[in-house]
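In case you want the letters, here they are:
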Amino acid sequence: MPRAPAREKTTRSQPSSEAVLSIAPAPTLAETAPLAVAPAHITARGVSVDFAHDGMVQRVLSGIDIDVPRGSFVSLIGPSGCGKSTLLKVMAGLLTPSEGDVTVAGLAPGEAAKRHMIGLVFQEATLLPWKTALENAAFLLTVGGRATPKDVALDKANEMLRLVKLEGAARKLPSQLSGGMRQRVAIARALALDPEVLLMDEPFGALDAITREEMSRGLLDIWERTGKTIVLVTHSIDEAVFLSRDVHVMATGPARIIETLPIELPAHRDEDTFNLPAFGEAEAHLRRLLIQGHAGERA
Amino acid sequence: MTAIDQATLRPRAVARGALLRRVRKAASDILPPLALLLAVLAGWELAIRLLKVSSFVLPAPSAIAGALIAKQGMLLQAARVTAVEIAWGFVLSAVVGVGVALAIVRFERFGRALYPLVVLFQTVPKVALAPIFILWFGYDLAPKVVLIVVIAFFPVAIDMMHGLQSVEPGFIALMRSVGAKRGEILRRVQIPYSLPHLMAGLKVAVTLSVIGAIVGEFAGASEGLGYVIQLSSTQLDTALVFAALVAVSVLGLAFYYALEFAERLLVPWAPKYDPLHRS
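These protein sequence lines are chains V and U, in that order. For the first sequence, our numbering assigns the number 1 to the initial residue and increments by one for each residue that follows. For the second sequence, our numbering assigns the number 300 to the initial residue and increments by one for each residue that follows.
Keep in mind that the hints were calculated from the coordinates and are not lab data. From the three backbone atoms N, C-alpha and C, an ideal C-beta is built for every residue, glycine too. Treat the hints with care, since some could be wrong.
Stated by the list, open to error - What follows is a set of in silico ranges between Cβ atoms, one per label pair, in the way DEER data are often shown: (1) V:Phe-274 x U:His-461: 44 to 50 Å; (2) U:Phe-406 x V:Gly-46: 37 to 43 Å; (3) V:Pro-254 x U:Tyr-555: 57 to 63 Å; (4) V:Asp-272 x U:Lys-480: 47 to 53 Å; (5) U:Tyr-556 x V:Gly-253: 34 to 40 Å; (6) U:Leu-318 x V:Asp-270: 28 to 34 Å; (7) U:Leu-318 x V:Thr-211: 17 to 23 Å; (8) V:Pro-262 x U:Phe-406: 49 to 55 Å.
To be verified - With a straight-line cut-off of 27 Å between C-alpha atoms, the simulated BS3-like cross-links for lysine-lysine are: (9) V:Lys-172 x V:Lys-131; (10) U:Lys-370 x U:Lys-351; (11) V:Lys-131 x V:Lys-114; (12) V:Lys-165 x V:Lys-131; (13) V:Lys-114 x V:Lys-150; (14) V:Lys-131 x U:Lys-351; (15) V:Lys-114 x U:Lys-351; (16) V:Lys-150 x V:Lys-165; (17) U:Lys-480 x V:Lys-150; (18) V:Lys-172 x V:Lys-150; (19) V:Lys-131 x V:Lys-150; (20) U:Lys-502 x V:Lys-131.
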């Protein structure tokens, strides 16, 4: 990894207290010509993952190539068991691929995560039950080799709770929050690291439909204001089309990406976006692909 | 019902209503078991008198109460001795149990060696070790404390271990990903997570500690409630045996509720995190 030392220098020279809002590159820029302007923020080349089950080796991901442009919002969509969560885990550095390479901002994912360049959100909020929303949002900042002093971490967490519109609940315990609020704390916790990349594994999967839509709009708002690169794993076609710039459709048997669909919708999206013809077309197309992928599995 | 109605109708009565409600709640918790206990005691008293059961076979509740009052000085002194044994034994059980759990979870390889041995040791009838402990540690406090620890550390260790391992794996992965080391994860997440489980283990341990102390005194002692029970039963003073039993129960209850109180102070968030009622 010849690039590692240079990278370390640039990240260190950035003051950690810098506001997230100020490092926002225009998300539309990356969309127009992703590869020409800058190298992809996240790349995967020939990534395969094998799991061993009772001596049997099962290939859960096979030959994945993917480029996520800087500042983009992409979704991974597919039936359950298609390996979309596994791919996200590989990108997060939680899982080492059996074959192939993954880089996040030119680094190995594990290294990028240690440098607070990756924020993670799971389906479950996984908050600490004895800590308030604010302390939970600050927690990861106070952990590990890059731990910041507690007061700095709390300031940062406060800022992030404002961003997810939860400043009023800062002193509440997780048990006093609704599912949607808990998940917003989890998002604030991820953002508090000031990561370059936000990886989300079905973050709204456990929420009711109305809360889901509200959270989706909130996430879009956060994305527009912070310019983070976001990768979202979802099984909701609506959610994928509404939020993403690119949708990667995955299929099972073997788990792979069968198509990458650019979503041709206006950069700014709101409730009216759902009524645009392009929305319906993209949705119909994705649905066809998913059904095909499903049929292929049974064949 | 009236307390609630008043509170809702007249705002000024809210505080008084709340207090009333609380008293009613406490009363509704205590009254049914108390009534049942009194009924059982009354039935017992009646049966003894009607059937003319000899007092050294089974004394009437009134005779037991009489013994409690007549021998109160001696019983209090014996209870003090037993209480000290229970307290030491319980505290050391907690320390040993927590230590074993931490060692097993923190040092995986050592844990894999230790855990089966701990379980194996659990299958030894510990009560049978009492005479050996008398042989090794003498007649005083030490053998009782050792016996209690041997009996009572196991639930503490098992519950604590379970608690340490109950953290969502996703959260541990999250901490690892930002560079947290195992020790830090253990200290800042796993140990706090385990506290409600630990409290459950401690509650079992405290009742086992009472048993351990009495058994230890049976095996060889010159004071304590177990000694009183043994001595008075050889003298066919069955009323005193039961009086001592009452004292043992009161002691056990006191320890148990002290622990419940400590739990409310230490882990106020725990009931909300009951695995059965997680939302």
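Exercise for review: Would you mind confirming whether the straight-line C-alpha gap from V:Lys-165 to V:Lys-131 stays at or under 27 Å?
Suggested key: 19 Å, holds
Check your understanding: Could one say that the CB atoms of V:Phe-274 and U:His-461 fall in the range 44 to 50 Å?
Key -> 47 Å, holds
Exercise for review: Mind checking the alpha carbons of U:Lys-502 and V:Lys-131 for me, to see if they're no more than 27 Å apart?
Suggested key: 25 Å, holds
Point to revise | U:Leu-318 versus V:Thr-211 beta-carbon gap, inside 17 to 23 Å or not | key: Once the Cβ atoms are compared, 39 Å apart, the range 17 to 23 Å for V:Thr-211 and U:Leu-318 is violated.
Review point. Are U:Phe-406 and V:Gly-46 spaced within 37 to 43 Å by their CB atoms?
Key: 39 Å, holds
Practice item. May I ask you to test the hint 57 to 63 Å on the CB atoms belonging to V:Pro-254 and U:Tyr-555? Key: Once the Cβ atoms are compared, 58 Å apart, the range 57 to 63 Å for U:Tyr-555 and V:Pro-254 holds.
**Study point:** Agreement of V:Lys-131 and V:Lys-114 with the hint, judged by alpha carbon distance not exceeding 27 Å
**Key:** Distance of about 23 Å is within 27 Å: holds.
Point to revise | Given pair status - V:Lys-131, V:Lys-172, alpha carbons within 27 Å | key: 8 Å, holds
Check your understanding: Regarding the pair V:Lys-172 and V:Lys-150, is the alpha-carbon distance no greater than 27 Å?
Key -> OK: V:Lys-172 and V:Lys-150 at ~18 Å, within 27 Å.
Practice item. May I ask you to test the hint 47 to 53 Å on the CB atoms belonging to V:Asp-272 and U:Lys-480? Key: The hinted range 47 to 53 Å holds for V:Asp-272 and U:Lys-480, with Cβ atoms some 50 Å apart.
Review point. Does 49 to 55 Å hold as the CB distance between V:Pro-262 and U:Phe-406, or does it fail?
Key: Check passed, 52 Å falls within 49 to 55 Å.
Exercise for review: Kindly confirm whether 28 to 34 Å is satisfied by the beta carbon distance between U:Leu-318 and V:Asp-270.
Suggested key: Roughly 52 Å apart at Cβ, these two residues miss the hinted range, so it is violated.
The structure is inconsistent with the numbered hints 5, 6, 7, 14 and 15, although it conforms to all the rest.
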